[in-house]
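Using the supplied hints, reconstruct the complex from the two chains, each of which is provided in its own coordinate frame.
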Amino acid sequence: MKYTVFWGCMIATVEYGYEISVREVFPRLGVELSELGWNACCGYPLMQVNSKVWLYLASRILAEAQRFGRPLFVPCNGCHISLCEAQHLLMERDEMINWVNELLKDEELRFDSGNPVRILHTIEVLHDEIGLEKLKKFVVKPLGFKVACHYGCHILRPTDYPRVDDAESPTKMEAILEAIGAKTSDYPERLECCGAGANVVEPELVARLCGWKLKAVKARGFNAMATSCPACQMNYDAKQDAIMQIMKSSEVSLPVFYLTQLVGLAMGVEPRRLGLDLNKSPVEDLVDL
Amino acid sequence: MLKLNETDRLLEKLRESVATLTPSVCYSCARCSSGCVMVEAGCVPHSIIQLFRLGLLNEIERGLWSCCQCLKCDARCPQEARPAMLILALRNLLVAHGSAPPKGYMVMLENVVRYATIQQPQEVMNKDFDFVSRNTLGLPELGKPANMEAFRLNLKKIASNLLEVEEK
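Just so you know, the sequences run in chain order G and A.
First residue of the first sequence: 1, per my numbering; consecutive thereafter.
First residue of the second sequence: 290, per my numbering; consecutive thereafter.
Pulled out of the complex, with its shape left as it was, chain A reads as follows (with noise of 0.2 Å):
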């Protein structure tokens, strides 16, 4: 939850990061939260539009991690208002403002820090109930890329809010 002093300051560069988009010209119709799957989720696109406007952002935190950024609201809105961009912007400013995100996402980040990809390959069962690898099923290895202490640096660099940087 946000302290109230705080709110005025993100909300700001929330107007900010949201400048090229439209949200101002919503006029409610609610087409992209009839559609949208999440609502039950408590994310109700059209509703995170209007408390933006109201400058609700405490509001707008629940059912935010919900949306599934499938992007139909973006599509189908008639004003170009563009919800899902919203949303996005939202998550990714209190993330730098120092809000948690959920844990799914650090240890995604975390193993792109470390394998290049968000998990390393999984072994899975067949329909004789075997186990197989990329191996075993005669799959080529991949390869990380060629300078991985540079690319690991650059997401140290970039994502310095979210992962600890290594005194050397």
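For reference, chain G alone in the conformation it holds in the complex (with noise of 0.2 Å):
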């Protein structure tokens, strides 16, 4: 399994832990990761003030993946349906693939309709690729505890074109994490957003959001949470001890863990490796650092 890997602004600029766990997990599944060769940004949050900039920062992506000839791992969720829904654009519509080639002579990239690009996310690479008779193999370190699972929603939805699972009723995810000896279970908030396209305009609400929904989930017997998007791990980690300072409650202290954070530990991987130390959640409480 060889891939370019994409890793967006979020990933590579804060969200470290992300990059670190792929980085250290990746290879000992058997997939060789090669650099794009720069990064710059998909686009995805620019399409809600000028659509236009969006798809000239995807197609540029799609353009320079096209010349490795190699599937695409794209492990945010946010650019990865920012690719995908370029990509639909660009193949159902000739006059779009002439306006982005147009501007992107000047950079020498070129989208090739006759080539489209084999856009990965995490959960297909665990999951569709590596599979989970092979992950099972690996795991020395049953993880134990109940793991809620946190999707994100931009894997899943919309429906007008091929997203990561059932927009309704995802399983890969919780499949995963039975493969590495975790216990997971169904939750009425499951698929609830964490809100994190608003954080530019209504932060306190989204906090409260997280803050409700990590309560909910604490409250219904899980000892942690599993997330694959780094937005979402920003707002239910990164920002747990903002969320408990406006909620005023300690009820949402809750771990939280990048899906390739908890698949490293069960393989035994020592948890520095795998960035716990830059959790901001407690993390601690389930594993050593």
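Since the hints were derived computationally from the structure, they do not count as laboratory data.
Warning: the hint list may mix true and false statements.
As the list claims (entries may be wrong) - Sample of chain G residues facing chain A (criterion: CB under 10 Å; computed from the structure): (1) Ala12; (2) Val49; (3) Ser51; (4) Phe145; (5) Gly195; (6) Met267; (7) Val269.
The model shown is predicted, which means the values in this text are computed figures rather than measured ones.
Glycine included, every Cβ here is placed at the ideal spot set by N, Cα and C.
If you want it as structure tokens, here you go:
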């Protein structure tokens, strides 16, 4: 399994725990990652103010990825929807390809509609590519504790082009967690959004939303939460102290992990090699740092 | 707030930009709003659809930027009315028409022009209260696009309504 990797902004500039754990875990599972050669915004947040800015930024990443001829591994949910949607749009509308390629000329890039990029998210690599049976063979320390899955919206929706899992009843993340010896189950708040898209405008409401979900997860008997998106992880993990202050409640305190950090732990990787000392939530309740 | 005489022209443009969507088929079952996490902030998807149908753009402006674009409403609508896409189209239209977007978007856009990413790599604190960076964590430099000048020029061309174009 050889992939080109596109990290995007959040992972590469602040959510280092995701990058560190992917770089540590994937090669052990037989995945070879090669770098894109540069990093730039996928355009997704800017779609809200100017959709053409988004289409340009996303298309240039697709065009660069085409040069490598390998599937493109995109660990961020936002970048994943951004690139999938841009490619969907380009493949459907020739005039969009022409517009994009006119701009890309100056950068010596070109999107080729005859060579669409296969875009893969972390959950797809673990579940569909490596596969659960193979993953199980690497488990030396089954986790044992109970983990709530938080998929993040943008790998499940919209429904008009293929996404990572079913929009209303996804199962892949649970299957991965069970394969690494964690306990998990469905819960009513499972598909609720972390609100990251509104952080720009409604930071306090977003914090309360996250606090509400963390509280529910804890009350339902889970020991931890797993995410696969840097925006969700930042909201639930890095902002947990702020959430506690806003909600004036310690009932929101819960260890929050990247899925790849949990996979690494089950494989017996030393916690700091998975960036677990960078998590802000109390992961030390479950892991010896 | 939009001036009344501007509303009609904008409404026409909005109708054009969502022509491939079908907000007119909404029968207000409010399934979208019942699952929306931003209703509290004044963003009520089924109301937005109805206000659009009634042509009351000024009323939609309230709460418009609170939508977090989780796309749940789009996925769950039994009529495929696509409230989230309508919100996206209206945001784009208002910005193109000269409305200032929330500041955070401008900060991100200006950073992308400057650094290619929405922010530069940050130092973060670990559990030992040490500040660490990509470098101290042993993470490689990821680099910027090879031709930053062409990259910037393209962005300024596309977003000329938002970015000042430098005259040479």
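Does the CB of Val49(G) sit less than 10 Å away from some CB of chain A?
The hint holds - Val49(G) has a Cβ within 10 Å of chain A, the shortest such distance being about 5 Å.
Next item in the hint list is Ser51(G). Is there a CB on chain A closer than 10 Å to its CB?
holds, 5 Å
When the nearest CB of chain A is found for Ala12(G), is that gap smaller than 10 Å?
holds, 6 Å
Holds or violated: Met267(G) as interface residue toward chain A, Cβ cutoff 10 Å?
violated, 19 Å
Hint check: 10 Å Cβ-Cβ cutoff, Phe145(G) to chain A
violated, 19 Å
Should the hint that Val269(G) touches chain A count as held when the rule is a Cβ pair under 10 Å?
This hint is violated: Val269(G) lies away from chain A, its Cβ roughly 15 Å from the closest one there, beyond 10 Å.
Closest C-beta approach of Gly195(G) to chain A relative to 10 Å, hint status
holds, 5 Å
The earlier numbered hints that this structure contradicts are 4, 6 and 7.
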